[in-house]
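Number of protein chains: 2
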Amino acid sequence: MARFGLLVKMTAAAGQGYALIKIMKEAATLMKEAPGCDSYVVHAAADDNDIIWITEIWRDEQSHEQSLSVEGVGELIGQARPMIGGMEMTKLRTLTD
Amino acid sequence: MARFGLLVKMTAAAGQGYALIKIMKEAATLMKEAPGCDSYVVHAAADDNDIIWITEIWRDEQSHEQSLSVEGVGELIGQARPMIGGMEMTKLRTLTD
Chain A
247 MARFGLLVKM TAAAGQGYAL IKIMKEAATL MKEAPGCDSY VVHAAADDND IIWITEIWRD
307 EQSHEQSLSV EGVGELIGQA RPMIGGMEMT KLRTLTD
Chain Y
247 MARFGLLVKM TAAAGQGYAL IKIMKEAATL MKEAPGCDSY VVHAAADDND IIWITEIWRD
307 EQSHEQSLSV EGVGELIGQA RPMIGGMEMT KLRTLTD
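Quick mapping for you: the protein sequence lines, in order, are chains A and Y. If you count by the working numbering, then the first sequence holds residues 247 to 343, one letter each, in order. If you count by the working numbering, then the second sequence holds residues 247 to 343, one letter each, in order.
Honestly, I wouldn't trust all of these hints.
One copy or two, either will do: identical chains are not told apart, so a pair holds if it fits within one copy or between any two.
Stated by the list, open to error - Subject to a maximum C-alpha distance of 30 Å in a straight line, what follows is the list of computed DSSO-like cross-link-like pairs (lysine-lysine): (1) K255 <-> K268; (2) K268 <-> K337; (3) K271 <-> K337; (4) K255 <-> K278; (5) K278 <-> K337; (6) K271 <-> K255; (7) K255 <-> K337.
Simulated from the structure, these hints should not be mistaken for laboratory data.
The task is simple: from the sequences and hints, build the whole structure.
Structure below.
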């Protein structure tokens with residue numbers, strides 16, 4: 247069965263890219279330990295520090311939903327929210343290892 | 247130092263999604279063995295088999311460029327080309343493991 251993939255593109259509010267990356271790196275450390283998380287990687291656009299991509303692979307969509315209640319995640323989301331100018335999410339079926 | 251990330255979004259020519267996915271899965275098997283390739287994963291959009299995403303992580307951009315000359319890759323690209331209606335590539339700096 248295909249796993250659940252998620253692409254998240256965040257555009258930082260003006261001047262907030264560096265601070266947002268710092269928080270998302272902390273989120274990655276937490277998320278990688280969440281049950282069902284196979285991959286959670288933080289990237290910045292090659293030419294723009296204010297555009298941040300997260301590429302995620304989960305055992306299934308439910309595992310992803312449950313990760314939002316992992317200890318510390320809610321706090322990080324609260325810190326990140328005012329730094330985020332825009333966000334797009336794309337749900338995927340992950341077909342290879 | 248940040249690694250080199252690449253997001254590739256392919257839109258299959260009409261009705262060619264399934265065949266294109268099959269070829270990109272073969273490409274993934276080859277690419278994962280290429281020097282400097284840390285990750286090469288094929289996904290389809292959750293709701294559209296004709297939209298294919300590849301998420302890649304390489305040691306550096308040069309490793310990615312050299313992968314195009316890995317044995318068998320040129321042949322797969324040749325097979326895939328007529329099935330691709332559109333393609334967008336986004337270069338990334340990969341910031342976490």
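How the hints compare with the structure:
no.	hint	verdict
1	K255 <-> K268	both (16 Å within a copy, 27 Å between copies)
2	K268 <-> K337	both (24 Å within a copy, 20 Å between copies)
3	K271 <-> K337	both (21 Å within a copy, 19 Å between copies)
4	K255 <-> K278	both (19 Å within a copy, 25 Å between copies)
5	K278 <-> K337	both (18 Å within a copy, 23 Å between copies)
6	K271 <-> K255	both (15 Å within a copy, 25 Å between copies)
7	K255 <-> K337	both (12 Å within a copy, 13 Å between copies)
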